[in-house]
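**Student:** One letter stands for each residue in the lines below.
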Amino acid sequence: MSKLTLPADYLKNPAVFCEDIHFTYPDQQPALRGISVKIDHGEKVAIIGPNGAGKSTFLSMLNGLLKGEGLLRIYGLDMQKKHDKLIKSLVGLVFQNPDDQLFCPTIFEDVAFGPLNLGLDRALLQERVHQALQEVGLSGYENRSSINISFGEKKLVSIATILSMQPQIVAMDEPTGYLDHAHRRRIINWIQSNDRTVLVTTHDLDLVAETCRRVILFNAGKMVADGPVTEILNDEPLLNQNNLEKPARAVSVQSHHPLKSDLKT
Amino acid sequence: MFERFAAEKEQASQRGYGFYPQDPRCTLLNTLILFGAILIVPRSAYAYFMAIALWIILQVVLTGGSLTILFIRLLKIYPMIFLMTIMLPFLSPTERHAGDILLSLGKVHIYKQGLMVFADINIRSILLFSASMLLLSASSYTRLMQGLNAWRFPKWIAAIMIYMYRFIFIIAEEFRRMHKAYQSRHLALSFRQKVLSLGKISGVYLTRIVARSERIFMAMLAKGFNGHYPVMFSLNWHKRDSLSLALNTLFILGIFWL
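For the protein sequence lines, the chains are A and B, in the order given. Residue numbers for the first sequence follow the working numbering, beginning at 1 and rising by one. Residue numbers for the second sequence follow the working numbering, beginning at 1 and rising by one.
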């Protein structure tokens, strides 16, 4: 059994609540400047913006990897040291480059690394690893080395390494970068099919159109826009101003992943 | 269920007969005893050396390890030992006696005492290396680290050792990438140009390794890592481990006693 104990009603709180958060890198380059956002449990949100907008920095802050200024709460837990493990178990961070995420000799060890750190009982470990690999369609890969699999499979294994921690929020940095059509489709299907809170930072606006109902637009560390995907991805001048290109296909309201407000009704 | 899976996973390093597979604590103790024996054997006691060598060979066979691989690895390491000791037979002893010189080649002499020291160091080095190989073939690296932890070996040293082991693959992979990039663009360079470009590459290589290591460390932190490397296997000391330890100790004591 996991040694981590979450508050009983933690899911009633917003998945992410931040108010006026700032982050500056050691070279004095400000990466985030006054971001305020609230994301509810189960929402699928895309964070878009040009390179250097602060998207990846924002994701790293959610997991507690980077600590800035301002108020940031994950399911009501503020970013104190005593909540560090809980927050890391709640927010699974999938890095842009899977090679940075996979460092163990076998896939089993990579997928088991997170749960072991969180103090999961060894007896439950195998089941957890199997579940995570099954969810991304890679059952039977346990004994393989992550060095000898394709880039697309590495991406999926990276996702499995955080799924094994059973996070409530999955934060993915460029999930479809460099992927072929088949692997891109698998990741899109996975995002669509799961009921966790999913945050995606990407330049792939077609992916956004297919998987998310809400879009947050960052530029130069500031939040430029926050709204429904239909509104933002159809606003060509706004996208052009922020070095983005309107997706080729028209963006319409999707029924398979409604907004949180739609879920309530 | 997990133990069964873990056993399957470690099959490659856990194959063996008789006393193997072994609890890593037992493997470490047995190796320590072997190291001790190799180091305290009196000089020129070749029968003792032979007995220890046969004992190591027997254990390599029992772990399911390959003697050919052991021999190949010895061949790789031996030139270094040889080069480090090659001058010993030519060194004049501090106290000279009649009959010291075995062979004279003009002004160069080969001394009996020097030759004995040369043989002694070479034999001991080969035996120590073989015992280390036995240690690695009897247990996986991760389990050995777990064994060290169990024997109260400082955790921070064990953690450094296990990360070094992890990073070997990453360093090698990064090297492969850079080498590929270099090969794809290097044209007919002169030797000087090659040396210069390789010098620049090695600087960039180090920077890339550091940057990559940092990103991996971030990924580890994101998964709740707190400085203590988690282990997946539980240690189980079986009767066969006690028997193995007793037999090893008795054998070593026996060869000295006899």
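Derived from the structure by calculation, the hints contain no laboratory data. From a predicted model like this one, the values you see are computed outputs, not experimental measurements. Accuracy of the hints is not assured; some may be wrong.
Stated by the list, open to error - One side of the interface only, derived from the structure: several residues of chain A facing chain B at Cβ under 10 Å:
hint	residue
1	ARG33
2	ASP99
3	SER158
4	THR161
5	HIS181
To be verified - Only some residues are given here: those of chain A computed to face chain B with a beta carbon under 8 Å:
hint	residue
6	PHE17
7	ILE21
8	ASN189
9	ALA225
What the hints assert, rightly or not - To list a few chain A residues with every Cβ distance to chain B over 12 Å, as calculated:
hint	residue
10	GLN28
11	ASN63
12	ILE87
13	GLY119
14	GLY137
15	LYS222
Beta carbons are placed, not taken as given, at the ideal position from N, Cα and C, and that holds for glycine.
**Student:** Taking the closest pair, is the beta carbon of GLY119(A) still more than 12 Å from chain B?
**Tutor:** Non-interface label fails for GLY119(A): nearest chain B Cβ at 9 Å, not farther than 12 Å.
**Student:** Beyond 12 Å from chain B, beta-carbon-wise, is ASN63(A)?
**Tutor:** Given that some Cβ of chain B is not farther than 12 Å from that of ASN63(A), nearest at about 5 Å, it is violated.
**Student:** Does the interface hint hold: is THR161(A) within less than 10 Å of chain B, judged Cβ to Cβ?
**Tutor:** holds, 7 Å
**Student:** Double-check ILE21(A) for me: the hint is only fine if its C-beta lies closer than 8 Å to a C-beta in chain B.
**Tutor:** It is violated, given that the least Cβ distance between ILE21(A) and chain B is near 18 Å, above 8 Å.
**Student:** Report holds or violated for the interface hint on PHE17(A), using the least CB-CB distance to chain B and a cut-off of 8 Å.
**Tutor:** Not OK, violated: PHE17(A) not within 8 Å of chain B, min 20 Å.
**Student:** Regarding the hint that HIS181(A) lies at the interface with chain B, is the smallest CB-CB distance below 10 Å?
**Tutor:** violated, 25 Å
**Student:** Could you check that no beta carbon of chain B comes within 12 Å of the beta carbon of LYS222(A)?
**Tutor:** Given that every Cβ of chain B is farther than 12 Å from that of LYS222(A), nearest at about 24 Å, it holds.
**Student:** Would you check whether ALA225(A) satisfies its interface hint, that is, whether its CB is within less than 8 Å of any CB in chain B?
**Tutor:** With a closest approach of 28 Å, the ALA225(A) hint is violated.
**Student:** The hint names SER158(A) as touching chain B; please verify it with the least Cβ-Cβ distance against 10 Å.
**Tutor:** Holds: closest Cβ of chain B sits about 9 Å from SER158(A), inside 10 Å.
**Student:** Tell me if ARG33(A) is really an interface residue toward chain B, meaning its C-beta lies closer than 10 Å to one of theirs.
**Tutor:** Not OK, violated: ARG33(A) not within 10 Å of chain B, min 22 Å.
**Student:** May I ask you to test the interface hint for ASN189(A) with respect to chain B, counting a Cβ-Cβ separation under 8 Å as satisfied?
**Tutor:** violated, 24 Å
**Student:** Just double-check GLN28(A) for me: nearest Cβ-Cβ distance to chain B has to come out over 12 Å.
**Tutor:** holds, 19 Å
Checked against the numbered hints given earlier, this structure breaks hints 1, 5, 6, 7, 8, 9, 11, 12, 13; the rest are met.
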